[in-house]
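Colleague: Sequence:
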Amino acid sequence: MYIAYSLLTFVVFVVVSPYFVYQAIRYQKYIGSLRQRLGFLPISFNLDGEESIWIHAVSVGEALTARALAADLKARYPRLRLFLSTTTIAGQQVARRSLSGLDAVFYFPFDWTFIVRRTLNLVKPRLFIMMETEIWPNLLRACRARGVKTVVINGRISSRSYPRYRTIRPFFRRVLDDVDRFCMQSDESARRLVDLGADPARVTVTGSLKFDALELPAATLHGKPRERVLRFFRLSVNRTVVIAGSTMKGEEAAVLRAFARIKEAQPSALAILAPRQPERFGEVERLARDAGFVAIRRSELPIDAEPRADVVVLDTIGELAQIYQLATAVFVGGSLADHGGHNILEPAMFGKPIVFGPHMQNFKEIADVFRNQDAAVQVPSERELADTLVALVTDPVRRASLGAAARALVEANRGAKTKTLAVIGELLPASGAGAVVRPFRLVH
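Take the working numbering: the final residue in the sequence shown is number 444, and no numbers are missing along the way.
Certain hints may be false.
FRET-style restraints, in silico, Cβ to Cβ [what the hints assert, rightly or not]: (1) Ala412 <-> Lys249: 31 to 39 Å; (2) Phe45 <-> Pro267: 53 to 61 Å; (3) Arg166 <-> Arg228: 46 to 54 Å; (4) Pro267 <-> Asp387: 19 to 27 Å; (5) Ile43 <-> Ile303: 36 to 44 Å; (6) Arg286 <-> Ile317: 50 to 58 Å; (7) Arg146 <-> Ile317: 31 to 39 Å; (8) Gly282 <-> Tyr2: 37 to 45 Å; (9) Glu264 <-> Glu306: 17 to 25 Å; (10) Gly101 <-> Ala404: 30 to 38 Å; (11) Gly101 <-> Ser159: 48 to 56 Å.
The set of hints was computed from the structure by calculation and includes no laboratory data. Every residue gets a Cβ at the ideal spot worked out from N, C-alpha and C, and that includes glycine.
Whenever a hint applies, use it, and build me the whole structure from the sequences.
Modeller: And the structure:
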(Lines of atoms letter the chains of each structure in order from A and count residues from 1; the text may use other names and numbers.)
(Lines give C-alpha, C1' and ligand atoms only; values in the text may rest on other atoms or scores of the structure.)
Protein backbone atom coordinates (compact mmCIF):
# COMPACT_ATOMS: atom_id res chain seq x y z
CA MET A 1 0.00 0.00 0.00
CA TYR A 2 2.91 2.34 0.71
CA ILE A 3 4.32 1.64 -2.76
CA ALA A 4 0.93 2.49 -4.29
CA TYR A 5 0.80 5.69 -2.23
CA SER A 6 4.29 6.71 -3.39
CA LEU A 7 3.44 6.00 -7.02
CA LEU A 8 0.22 7.97 -6.72
CA THR A 9 1.97 10.99 -5.21
CA PHE A 10 4.57 10.81 -7.99
CA VAL A 11 1.84 10.78 -10.66
CA VAL A 12 0.13 13.74 -8.98
CA PHE A 13 3.47 15.56 -8.87
CA VAL A 14 3.99 15.01 -12.60
CA VAL A 15 0.45 16.17 -13.40
CA VAL A 16 0.68 19.39 -11.38
CA SER A 17 4.31 20.15 -12.24
CA PRO A 18 3.36 22.51 -15.13
CA TYR A 19 1.53 24.68 -12.60
CA PHE A 20 4.60 24.84 -10.36
CA VAL A 21 6.81 25.63 -13.34
CA TYR A 22 4.47 28.48 -14.25
CA GLN A 23 4.50 29.76 -10.66
CA ALA A 24 8.31 29.56 -10.62
CA ILE A 25 8.63 31.54 -13.87
CA ARG A 26 5.82 34.03 -13.22
CA TYR A 27 6.26 34.67 -9.50
CA GLN A 28 9.73 33.25 -8.73
CA LYS A 29 8.16 30.75 -6.33
CA TYR A 30 9.57 27.35 -5.31
CA ILE A 31 12.92 27.76 -7.10
CA GLY A 32 14.92 28.61 -3.99
CA SER A 33 13.25 25.93 -1.90
CA LEU A 34 13.58 22.97 -4.25
CA ARG A 35 16.84 21.61 -2.82
CA GLN A 36 15.43 21.59 0.70
CA ARG A 37 12.22 19.92 -0.50
CA LEU A 38 14.46 17.20 -1.96
CA GLY A 39 16.13 16.75 1.42
CA PHE A 40 19.33 18.68 0.72
CA LEU A 41 19.68 21.00 3.70
CA PRO A 42 22.70 23.30 4.11
CA ILE A 43 25.75 21.72 5.76
CA SER A 44 25.55 24.40 8.45
CA PHE A 45 21.95 23.41 9.26
CA ASN A 46 22.95 20.87 11.92
CA LEU A 47 26.72 20.83 11.64
CA ASP A 48 27.40 18.79 14.76
CA GLY A 49 24.59 16.30 14.18
CA GLU A 50 22.76 17.21 17.40
CA GLU A 51 19.41 15.67 18.27
CA SER A 52 16.35 17.85 17.88
CA ILE A 53 12.64 18.48 18.11
CA TRP A 54 11.11 18.98 14.66
CA ILE A 55 7.84 20.95 14.32
CA HIS A 56 6.02 20.97 10.99
CA ALA A 57 3.68 23.90 10.32
CA VAL A 58 2.21 24.10 6.81
CA SER A 59 1.68 27.81 6.33
CA VAL A 60 1.17 31.15 8.10
CA GLY A 61 -1.64 30.07 10.41
CA GLU A 62 0.11 26.96 11.65
CA ALA A 63 3.42 28.79 12.05
CA LEU A 64 1.76 31.43 14.21
CA THR A 65 0.04 28.72 16.24
CA ALA A 66 3.40 27.03 16.80
CA ARG A 67 4.43 30.23 18.54
CA ALA A 68 2.38 29.06 21.55
CA LEU A 69 4.77 26.17 22.14
CA ALA A 70 8.17 27.09 20.72
CA ALA A 71 9.55 29.02 23.68
CA ASP A 72 8.30 26.43 26.19
CA LEU A 73 9.81 23.56 24.23
CA LYS A 74 13.16 25.34 24.06
CA ALA A 75 13.10 25.99 27.80
CA ARG A 76 12.02 22.46 28.68
CA TYR A 77 14.49 20.70 26.35
CA PRO A 78 17.56 22.96 26.27
CA ARG A 79 19.85 20.20 25.05
CA LEU A 80 17.77 19.55 21.93
CA ARG A 81 17.82 21.79 18.90
CA LEU A 82 14.44 23.16 17.79
CA PHE A 83 13.67 23.11 14.06
CA LEU A 84 10.52 24.14 12.23
CA SER A 85 9.52 23.29 8.68
CA THR A 86 6.84 24.87 6.50
CA THR A 87 5.34 24.01 3.15
CA THR A 88 4.62 27.53 1.89
CA ILE A 89 6.89 30.49 1.30
CA ALA A 90 4.64 32.77 3.35
CA GLY A 91 4.79 30.34 6.27
CA GLN A 92 8.58 30.33 6.01
CA GLN A 93 8.73 34.12 6.19
CA VAL A 94 6.42 34.32 9.19
CA ALA A 95 8.27 31.57 11.05
CA ARG A 96 11.61 33.32 10.61
CA ARG A 97 10.21 36.64 11.76
CA SER A 98 7.72 35.73 14.47
CA LEU A 99 9.01 32.65 16.30
CA SER A 100 11.73 33.05 18.87
CA GLY A 101 13.93 30.21 20.06
CA LEU A 102 14.12 28.32 16.76
CA ASP A 103 17.53 27.05 15.73
CA ALA A 104 16.58 26.87 12.06
CA VAL A 105 13.64 26.96 9.64
CA PHE A 106 13.47 24.84 6.49
CA TYR A 107 11.08 23.61 3.80
CA PHE A 108 9.23 20.35 4.34
CA PRO A 109 10.52 17.51 2.13
CA PHE A 110 8.54 15.64 -0.49
CA ASP A 111 7.05 12.54 1.13
CA TRP A 112 9.09 9.95 -0.74
CA THR A 113 11.08 7.47 1.30
CA PHE A 114 14.56 8.25 -0.02
CA ILE A 115 13.97 11.98 0.51
CA VAL A 116 12.56 11.77 4.03
CA ARG A 117 15.41 9.47 5.08
CA ARG A 118 17.89 12.05 3.83
CA THR A 119 16.09 14.78 5.79
CA LEU A 120 15.90 12.70 8.96
CA ASN A 121 19.63 12.00 8.74
CA LEU A 122 20.28 15.75 8.95
CA VAL A 123 17.52 16.87 11.33
CA LYS A 124 18.00 13.93 13.74
CA PRO A 125 14.71 14.41 15.62
CA ARG A 126 13.85 12.68 18.84
CA LEU A 127 10.33 14.08 18.51
CA PHE A 128 8.38 15.03 15.37
CA ILE A 129 5.43 17.38 15.95
CA MET A 130 2.75 17.83 13.28
CA MET A 131 0.52 20.88 13.48
CA GLU A 132 -3.19 20.20 12.89
CA THR A 133 -3.62 17.13 10.64
CA GLU A 134 -0.47 16.89 8.56
CA ILE A 135 -0.32 13.15 7.98
CA TRP A 136 2.58 12.05 5.77
CA PRO A 137 2.73 8.22 5.56
CA ASN A 138 6.33 7.69 4.41
CA LEU A 139 7.78 10.18 6.87
CA LEU A 140 5.81 8.71 9.77
CA ARG A 141 6.84 5.19 8.80
CA ALA A 142 10.49 6.26 8.70
CA CYS A 143 10.16 7.91 12.10
CA ARG A 144 8.69 4.73 13.58
CA ALA A 145 11.56 2.67 12.17
CA ARG A 146 14.10 5.01 13.78
CA GLY A 147 12.34 5.24 17.14
CA VAL A 148 11.40 8.90 16.67
CA LYS A 149 8.36 9.83 18.76
CA THR A 150 5.54 11.48 16.81
CA VAL A 151 2.59 13.62 17.89
CA VAL A 152 -0.20 15.51 16.15
CA ILE A 153 -1.04 18.73 18.00
CA ASN A 154 -3.99 21.06 17.50
CA GLY A 155 -5.43 18.24 15.41
CA ARG A 156 -8.73 18.38 13.62
CA ILE A 157 -10.68 16.30 11.12
CA SER A 158 -12.96 18.65 9.21
CA SER A 159 -16.37 17.68 7.84
CA ARG A 160 -14.90 18.05 4.37
CA SER A 161 -11.86 15.82 4.85
CA TYR A 162 -13.60 13.19 7.00
CA PRO A 163 -15.48 11.45 4.13
CA ARG A 164 -12.29 11.46 2.04
CA TYR A 165 -10.31 9.76 4.79
CA ARG A 166 -13.08 7.17 5.21
CA THR A 167 -12.68 6.06 1.59
CA ILE A 168 -9.09 4.98 2.37
CA ARG A 169 -9.69 3.89 5.95
CA PRO A 170 -7.78 0.57 5.74
CA PHE A 171 -4.62 2.38 4.64
CA PHE A 172 -5.27 5.39 6.87
CA ARG A 173 -5.57 3.13 9.92
CA ARG A 174 -2.09 1.73 9.23
CA VAL A 175 -0.70 5.25 8.90
CA LEU A 176 -2.32 6.36 12.17
CA ASP A 177 -0.63 3.43 13.94
CA ASP A 178 2.68 5.20 13.30
CA VAL A 179 1.60 8.24 15.36
CA ASP A 180 2.27 7.97 19.09
CA ARG A 181 -0.20 10.61 20.30
CA PHE A 182 -2.96 12.86 18.96
CA CYS A 183 -3.90 16.16 20.63
CA MET A 184 -7.25 17.12 19.09
CA GLN A 185 -9.07 20.44 19.14
CA SER A 186 -12.55 19.05 19.87
CA ASP A 187 -14.55 16.00 20.87
CA GLU A 188 -15.97 15.79 17.35
CA SER A 189 -12.53 15.67 15.73
CA ALA A 190 -11.44 13.07 18.29
CA ARG A 191 -14.48 10.87 17.51
CA ARG A 192 -13.81 11.11 13.79
CA LEU A 193 -10.16 10.19 14.28
CA VAL A 194 -11.05 7.13 16.37
CA ASP A 195 -13.58 6.08 13.72
CA LEU A 196 -10.82 6.31 11.13
CA GLY A 197 -8.75 3.86 13.11
CA ALA A 198 -6.79 5.72 15.79
CA ASP A 199 -6.34 4.00 19.13
CA PRO A 200 -8.53 5.92 21.64
CA ALA A 201 -5.79 5.53 24.26
CA ARG A 202 -3.55 7.70 22.07
CA VAL A 203 -6.11 10.46 21.56
CA THR A 204 -6.49 13.44 23.91
CA VAL A 205 -8.80 16.44 23.53
CA THR A 206 -6.69 19.47 24.42
CA GLY A 207 -8.67 22.30 22.81
CA SER A 208 -7.36 24.76 20.25
CA LEU A 209 -3.82 26.13 20.53
CA LYS A 210 -4.89 29.06 18.38
CA PHE A 211 -6.31 30.71 21.51
CA ASP A 212 -3.00 30.36 23.35
CA ALA A 213 -0.97 31.55 20.35
CA LEU A 214 -2.62 34.97 20.34
CA GLU A 215 -0.44 37.84 21.49
CA LEU A 216 -2.10 40.60 23.47
CA PRO A 217 -1.89 44.16 22.14
CA ALA A 218 1.52 45.67 22.84
CA ALA A 219 1.94 48.86 24.81
CA THR A 220 3.43 51.97 23.25
CA LEU A 221 7.09 52.84 23.56
CA HIS A 222 8.01 56.54 23.85
CA GLY A 223 4.63 57.46 22.43
CA LYS A 224 4.98 55.13 19.43
CA PRO A 225 3.39 51.70 18.92
CA ARG A 226 5.68 48.74 19.45
CA GLU A 227 4.34 47.15 16.28
CA ARG A 228 6.05 49.07 13.48
CA VAL A 229 3.23 48.39 11.03
CA LEU A 230 0.87 50.59 13.04
CA ARG A 231 3.09 53.58 12.28
CA PHE A 232 1.90 53.40 8.68
CA PHE A 233 -1.69 53.90 9.83
CA ARG A 234 -1.81 57.13 11.87
CA LEU A 235 -5.58 57.28 11.60
CA SER A 236 -7.96 60.00 12.69
CA VAL A 237 -9.88 58.99 15.81
CA ASN A 238 -13.29 58.82 14.15
CA ARG A 239 -12.24 57.36 10.80
CA THR A 240 -14.18 54.21 9.89
CA VAL A 241 -11.94 51.27 8.91
CA VAL A 242 -13.28 48.11 7.28
CA ILE A 243 -10.76 45.25 7.15
CA ALA A 244 -11.20 42.22 4.91
CA GLY A 245 -8.64 39.63 5.97
CA SER A 246 -7.37 36.52 4.16
CA THR A 247 -9.67 37.08 1.21
CA MET A 248 -9.95 34.76 -1.77
CA LYS A 249 -10.80 35.45 -5.40
CA GLY A 250 -14.31 36.91 -5.73
CA GLU A 251 -14.54 38.12 -2.14
CA GLU A 252 -12.71 41.42 -2.64
CA ALA A 253 -15.29 42.51 -5.23
CA ALA A 254 -18.09 41.77 -2.75
CA VAL A 255 -16.33 43.76 -0.01
CA LEU A 256 -15.71 46.69 -2.35
CA ARG A 257 -19.39 46.81 -3.29
CA ALA A 258 -20.28 46.92 0.39
CA PHE A 259 -17.59 49.54 0.97
CA ALA A 260 -19.05 51.73 -1.77
CA ARG A 261 -22.29 51.91 0.22
CA ILE A 262 -20.34 52.78 3.38
CA LYS A 263 -18.49 55.57 1.56
CA GLU A 264 -21.79 57.18 0.58
CA ALA A 265 -22.53 57.88 4.25
CA GLN A 266 -18.92 58.17 5.48
CA PRO A 267 -16.69 59.64 2.75
CA SER A 268 -13.53 59.36 4.84
CA ALA A 269 -13.91 55.59 5.40
CA LEU A 270 -10.91 53.36 4.70
CA ALA A 271 -10.88 49.75 3.51
CA ILE A 272 -7.89 47.47 4.09
CA LEU A 273 -7.88 44.37 1.88
CA ALA A 274 -5.55 41.50 2.74
CA PRO A 275 -5.56 38.84 -0.01
CA ARG A 276 -4.63 35.38 1.17
CA GLN A 277 -2.41 34.68 -1.85
CA PRO A 278 0.55 37.03 -2.39
CA GLU A 279 0.43 36.60 -6.16
CA ARG A 280 -2.97 38.33 -6.16
CA PHE A 281 -1.81 41.64 -4.63
CA GLY A 282 -1.64 43.38 -8.00
CA GLU A 283 -4.96 41.93 -9.12
CA VAL A 284 -6.74 43.21 -6.01
CA GLU A 285 -5.17 46.66 -6.34
CA ARG A 286 -6.43 46.90 -9.93
CA LEU A 287 -9.84 45.67 -8.82
CA ALA A 288 -10.11 48.49 -6.28
CA ARG A 289 -9.06 51.10 -8.83
CA ASP A 290 -11.48 49.76 -11.42
CA ALA A 291 -14.22 50.15 -8.82
CA GLY A 292 -13.43 53.86 -8.67
CA PHE A 293 -11.38 53.96 -5.47
CA VAL A 294 -7.99 55.51 -4.82
CA ALA A 295 -5.90 52.46 -3.98
CA ILE A 296 -2.37 52.00 -2.66
CA ARG A 297 -0.29 49.12 -1.38
CA ARG A 298 0.78 48.95 2.23
CA SER A 299 4.43 48.78 1.12
CA GLU A 300 4.01 52.19 -0.55
CA LEU A 301 2.61 53.99 2.48
CA PRO A 302 4.76 56.68 4.13
CA ILE A 303 5.60 56.02 7.77
CA ASP A 304 3.99 58.11 10.53
CA ALA A 305 1.32 59.50 8.22
CA GLU A 306 -2.36 58.90 7.63
CA PRO A 307 -3.24 56.96 4.46
CA ARG A 308 -4.96 59.30 2.03
CA ALA A 309 -6.27 56.49 -0.14
CA ASP A 310 -9.70 54.88 -0.01
CA VAL A 311 -8.31 51.35 -0.14
CA VAL A 312 -5.02 49.91 1.13
CA VAL A 313 -3.97 46.50 -0.18
CA LEU A 314 -1.94 44.69 2.47
CA ASP A 315 0.91 43.32 0.35
CA THR A 316 3.11 42.31 3.29
CA ILE A 317 3.30 39.02 5.19
CA GLY A 318 2.63 38.62 8.90
CA GLU A 319 1.13 42.09 9.58
CA LEU A 320 -2.58 41.35 9.35
CA ALA A 321 -2.93 40.15 12.94
CA GLN A 322 -1.76 43.49 14.33
CA ILE A 323 -3.66 45.58 11.80
CA TYR A 324 -6.96 44.07 12.97
CA GLN A 325 -6.83 46.35 16.01
CA LEU A 326 -7.47 49.33 13.71
CA ALA A 327 -10.79 47.94 12.48
CA THR A 328 -14.25 49.30 12.96
CA ALA A 329 -15.60 46.06 11.47
CA VAL A 330 -13.89 42.92 10.13
CA PHE A 331 -14.77 40.47 7.39
CA VAL A 332 -12.76 37.22 7.54
CA GLY A 333 -12.33 35.74 4.07
CA GLY A 334 -12.27 32.27 2.60
CA SER A 335 -15.81 32.01 3.90
CA LEU A 336 -17.95 33.78 1.30
CA ALA A 337 -16.17 31.87 -1.45
CA ASP A 338 -16.11 28.16 -0.62
CA HIS A 339 -12.59 27.76 0.81
CA GLY A 340 -13.43 26.57 4.33
CA GLY A 341 -12.89 29.89 6.10
CA HIS A 342 -9.94 31.36 7.97
CA ASN A 343 -8.96 32.22 11.52
CA ILE A 344 -11.37 34.57 13.31
CA LEU A 345 -9.47 34.62 16.61
CA GLU A 346 -7.01 37.39 15.73
CA PRO A 347 -9.69 40.11 15.36
CA ALA A 348 -11.55 38.58 18.32
CA MET A 349 -8.51 39.14 20.53
CA PHE A 350 -8.85 42.88 19.89
CA GLY A 351 -12.56 42.83 20.63
CA LYS A 352 -13.61 43.61 17.07
CA PRO A 353 -17.01 42.83 15.51
CA ILE A 354 -16.47 39.93 13.10
CA VAL A 355 -18.41 38.91 10.02
CA PHE A 356 -17.86 35.73 8.04
CA GLY A 357 -19.64 33.85 5.27
CA PRO A 358 -21.37 30.46 5.15
CA HIS A 359 -18.26 28.36 4.42
CA MET A 360 -16.38 27.88 7.70
CA GLN A 361 -15.74 24.13 7.56
CA ASN A 362 -12.08 24.47 8.51
CA PHE A 363 -12.97 26.36 11.68
CA LYS A 364 -16.40 24.87 12.33
CA GLU A 365 -16.10 24.36 16.08
CA ILE A 366 -14.78 27.86 16.72
CA ALA A 367 -17.25 29.47 14.31
CA ASP A 368 -20.18 27.65 15.92
CA VAL A 369 -19.19 28.82 19.40
CA PHE A 370 -18.79 32.42 18.29
CA ARG A 371 -22.10 32.43 16.44
CA ASN A 372 -24.01 30.75 19.28
CA GLN A 373 -22.57 33.20 21.83
CA ASP A 374 -23.46 36.19 19.64
CA ALA A 375 -19.77 36.99 19.31
CA ALA A 376 -19.73 37.11 15.50
CA VAL A 377 -22.15 37.38 12.59
CA GLN A 378 -22.42 34.74 9.87
CA VAL A 379 -23.96 35.87 6.59
CA PRO A 380 -25.34 33.51 3.93
CA SER A 381 -24.46 35.57 0.85
CA GLU A 382 -22.86 38.70 -0.59
CA ARG A 383 -26.06 40.72 -0.22
CA GLU A 384 -26.23 40.10 3.52
CA LEU A 385 -22.52 40.87 3.81
CA ALA A 386 -23.08 44.38 2.49
CA ASP A 387 -26.13 44.95 4.69
CA THR A 388 -24.30 43.67 7.78
CA LEU A 389 -21.15 45.74 7.28
CA VAL A 390 -23.17 48.90 6.63
CA ALA A 391 -25.24 48.26 9.75
CA LEU A 392 -22.19 47.61 11.93
CA VAL A 393 -20.25 50.75 11.00
CA THR A 394 -23.30 52.85 11.94
CA ASP A 395 -24.16 51.04 15.20
CA PRO A 396 -21.51 51.47 17.92
CA VAL A 397 -23.61 49.63 20.52
CA ARG A 398 -23.89 46.51 18.38
CA ARG A 399 -20.18 46.67 17.57
CA ALA A 400 -19.27 46.93 21.24
CA SER A 401 -21.51 43.98 22.16
CA LEU A 402 -20.06 41.69 19.48
CA GLY A 403 -16.50 42.73 20.24
CA ALA A 404 -16.80 42.24 23.99
CA ALA A 405 -18.30 38.77 23.53
CA ALA A 406 -15.53 37.82 21.09
CA ARG A 407 -12.76 38.94 23.45
CA ALA A 408 -14.39 37.11 26.36
CA LEU A 409 -14.48 33.86 24.36
CA VAL A 410 -10.78 34.17 23.58
CA GLU A 411 -9.91 34.59 27.25
CA ALA A 412 -12.20 31.76 28.34
CA ASN A 413 -10.75 29.22 25.93
CA ARG A 414 -7.05 29.50 26.67
CA GLY A 415 -5.35 26.48 28.22
CA ALA A 416 -4.64 24.08 25.36
CA LYS A 417 -0.92 24.79 25.63
CA THR A 418 -0.63 23.30 29.13
CA LYS A 419 -2.46 20.12 28.10
CA THR A 420 -0.44 19.78 24.91
CA LEU A 421 2.87 20.19 26.73
CA ALA A 422 1.75 17.52 29.20
CA VAL A 423 1.20 15.05 26.36
CA ILE A 424 4.59 15.92 24.86
CA GLY A 425 6.13 15.43 28.29
CA GLU A 426 4.79 11.88 28.41
CA LEU A 427 6.39 11.10 25.06
CA LEU A 428 9.67 12.88 25.79
CA PRO A 429 10.20 13.13 29.56
CA ALA A 430 12.08 16.14 30.82
CA SER A 431 12.78 17.68 34.20
CA GLY A 432 9.67 19.41 35.43
CA ALA A 433 7.39 17.88 32.82
CA GLY A 434 3.66 18.47 33.21
CA ALA A 435 1.10 16.23 34.81
CA VAL A 436 -0.40 13.23 33.04
CA VAL A 437 -3.52 14.00 31.01
CA ARG A 438 -6.34 11.60 30.39
CA PRO A 439 -6.75 10.06 26.93
CA PHE A 440 -9.93 10.45 24.93
CA ARG A 441 -12.64 7.92 25.77
CA LEU A 442 -15.26 7.02 23.18
CA VAL A 443 -18.70 6.96 24.83
CA HIS A 444 -21.29 4.73 23.18
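Colleague: Starting from the hint list further up, note which numbers the structure goes against and sort them upward.
Modeller: Those not satisfied are hints 6 and 11.
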